[in-house]
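Visitor: Here the protein sequences line up with chains R and D, keeping their order.
Using numbering that gives the first Met the number 0, read the first sequence as starting at 0 and increasing by one per residue.
Using numbering that gives the first Met the number 0, read the second sequence as starting at 0 and increasing by one per residue.
Just so you know, these hints were derived from the structure itself, not from any lab.
Since we're looking at a predicted model, the values are computed, not measured.
Using N, Cα and C, we set each Cβ at its ideal position, and we do this for glycine too.
Hints are not guaranteed to be accurate.
Unchecked claim - From the structure, some residues in chain D lie toward chain R, with a derived Cβ separation under 7 Å:
| # | residue |
| --- | --- |
| 1 | Phe-600 |
| 2 | Met-609 |
| 3 | Gln-611 |
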Amino acid sequence: MADQVIFLISLVTLAIAAAFSYWSARISMILSLAVLIVASLSYFKMLPTLIFLVAFLNVLSLLALKSSQLKGIDYALVSFMLIATLLIFYTSDPAMLLALFVAASAPTYILIMIGERMNIDIGVKYITFMIFGTVLFILGAALLYYNFEHRSSLIYSLAMLSLITGLAIEVGIAPAHEWVPDVFSTADPVPVSIIASLAKFVPFLVAYKVISATAVSETQQLLFLIAIIAALSMFVGNIGALTTKDPARTLGYSTVANMGYVLATFAAINAGEYVYFAIAGGILQLFVNAFGKIGFFNSIKEGTSSTCSWLLSASFIGIPPLMGFWSKFLIIYSLVFSNYLWLAILLVLNSAISVPYYVRLARITGKGWKPNITNYVVLVASLLMLITLIPPTWIVESVMQLRW
Amino acid sequence: MIEVLAILFLSPIITSLPIALAWGLEKRPPWADKLAYLSVFGLFLSLVAAIYILLNVGELTAESEPVKYVIPWLPAVNINFVFIFDYLSKIMGTLTAFIAFLIGIYGLEYMKHDYRLGWYWFFFNLFTASMLLTVYSDNMLMLLIGWEGLGIASWGLIGHWFRDDDHLSYVGIIDRKVWKLNMFWSPSSGAWRAISTIRIGDIPMFFAVGAFMVLAGTLNISEIDWVALEHKIGFTGIAILMIAFMMGPFTKSAQLPFSEWLMTAMTGPTTVSALLHSATMVAAGTYLFMRLSWYIEPWHAGEGYEVIYAVVLFLGLASAFYGALVAAGCLERKVLLAASTMSSLGLMFASTAASYWVGKIAILVGFWYLVTHAFAKATLFLVAGHLIHETHDRFCCGNLELAKKLKIAFIATIVATLCLSGIPPLTAYWVKSAMDGVMHSLDEHFGIFPLILLVLTSAVYSAFLAKFLALNFLKGREVEVHAHGGRVMSFAYALMVSMLLVLLYFYTTTHEEPFAEFLHEGFMVSSFAVGLLVLVTYLFALRNPSIKALSRIGMFLSDRMYLPFLNDYIVPKIGWIMATIVDCGNRLIDYICHSAFPKFFEIISYSLRMIQDGRIERYLKIVIGFILVVLVASTTVGW
């Protein structure tokens, strides 16, 4: 009950903030940040706090966008996405989950177009893909719930794979990744950093929830197909990035690879207690990707110190004790114990393949420190990679406490 | 006990550090060369410790139980510092310390004006300490420390005159070429030949030591159950293992075909040659074989050991004969002596190897031959060094004039050559007689072949010793003598040669084993006949030290029957072939890592990125195609 009240108050405040933005963007920003803080305080736990930090950095980086066409509204949109994301943790109602999926996805359609000039072309490309993705995802989810009541293996496999295909298109998993490099390299780095970070959480969280809520026993062959798609995505992303010179495009391919790593955790979804390690690894990988992309995209815009850029790269590569190491470790751990050793090996191999381009990214972006808001965003994002200096058992514990 | 051991092993090293450090100073203090006395004092302390052990620790008979002293090292894996005091080690240790001390005294005068005294004394004393460690070790790992110390110190000393600027330190006739190869060697090449040859033998030896540890569970020579070891790994296993182990002694003691390094080791200072040829380094190989045989007790062992002992027997005899022939052809003072050492080492190996069929007496014969040879050879080298100093010539030269000027050297050479060649009734005669007896006992296994080889070797041996005497003091070409004093040097070799007479006294008056056996063999007619033959060849060579008609054969022999081609041509060629193969592998890896692999990924990467032409129609086709494929797949799976 209290949750719903807070949700309602937050929405009203955001609406007011958006309205005020016609008058002053600053009021909108303050109100949006207030909502962010209230919302995350009310759910004070480790996972929501980290997601709040992602959104917070997104809002701060929007500040650097001098002449946005939607100045003011953009803050509110990001805050809205955060609230939608946070609510996912507290609901298992199918209708609510799907509504939140759309709610978190829709603001990105607008955000992608803002920048120094309105970028309609790229918006069209992005939205086209998103529509395909959303439709397939919702269709798949609905069919999964239907199948839970009226068992049929054909419906189950159709449902499962259309959900995964929808997810693949939505977040950019190969072979449905074509929009990612184009959008990432053409749009303004700041909105791209939002799409590459905050927007990735909801599709995966909803997919985890739906699939575990509707699981039936005979899913081995389906999981195998998912594992193949995951492996394909890792290779396409990492190998594609190897020869790419433009850093934004490189980050696009890096996203394809990272989404492959997260998708790999679905192969372990039936693995008894190891499923918690799988989900924990997936979520941690999403955080790595989120902070990493925020850091890199912002440093593409303004540069950063080489320490920060190397820290981000090292985390992406998976060097202990950075966050990127622990996320991959948890994923590999769960894969090994759910008889997907080959996928674990491919993951390690892919980490090795990724080394050259992350090193190149670190060199290109670490151009020098400038004391401005964008640089501080990068600094915070790269420092957050260090929170796993203490081995992150908390993430597995938080995942275990949640209802899936 | 531990104090005595500390003095024995550490005092030579510690007392050589001051001169080594003082010599390294930017501004060398004027008293730096006086520190050499301190180094010699260290050798003296070591000698005192060795004598203390000889007289006070355990009994001094061949049958006495060994006394051991253990200092824990790696007790968890049964590896400790185990010092053993038995008949062999006590006598050998005293011999080493005594000879090193005397040569040290000699070196005070001989090396007085050298430009690298710090280097010289440090390695000289390290050489002695390493040998002592090798001698008293029962544990093979600890023995390897001494063994490696010998290797590094010999490298340092042979290449002592590393500038290669003094022709007096070369070996061979300068600028002489045979086919494509230089037949002369500088100190630096001599040092390299020594260390590289020794390493070839050491590496299989290291593996063998590792195998002993795994198979026997201990590395203490006196504790390994050698018979059980043979049962465990069989006939072939023990043969391979022991041959691998013996590669160390074979190379260190310069047996065929690893003898070349010993000849060019003559590029070092003469004191080094004297020490290296008498009681350290080359003696280490034969001594180790004796120590091993002492505890293997091969006369109780099985057939696996027979192969090894037969190999060592004939390798030793062949080396002995080869060395004697080469020495007979040599005109260089030190190289002649070097070849003769090789010959003697061969006899020591052969005699010890005969223990498989003859028993412990064969080891004792080899061992006492080692002792006799050590004093005689050290004397001859010290004399040769003095001669080179006085005449400024590496080649044999000098006549009665020289003998009159260097009376002590002359007399010492006469005594040493007579005592070493085996002329009755002098020192080596008694040991050689026993050796004749040992070889004769092999009659039923190998026929009279070993005995014939031994007698031939002895005859040639005595001839070249007489030739050494004649060409340097009686009938050599006339030379100008540069008088240098030389009192200290004369004192050292006079004392050294007198030890041969002390030994003679022991051999003929002590009625303990093995001397009683020596006497018994010496009084046999056959032994006396061999003694006479040796005397005849000695006198013949004394009369005709160089025969013009045989000069071509002499050249062939002094070129060591062209064995240098193995070291200087064939082995390097093999090395180059290996280097070429490695280079190919290297290039292949480079190509794979730097070209093929990146190219492969580049091609895939470009093809993947070709998809991105920016046109949404194409993207949609791909996505719809993907959806259709998934639909087909899901239908197939779900059906």
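Visitor: Against each hint, give a clear statement of whether it holds in the structure.
Guide: So, going through the hints one by one against the coordinates:
no., hint, result
1, Phe-600, "6 Å, holds"
2, Met-609, "10 Å, violated"
3, Gln-611, "5 Å, holds"
Of the hints listed earlier, the one the structure fails to meet is number 2.
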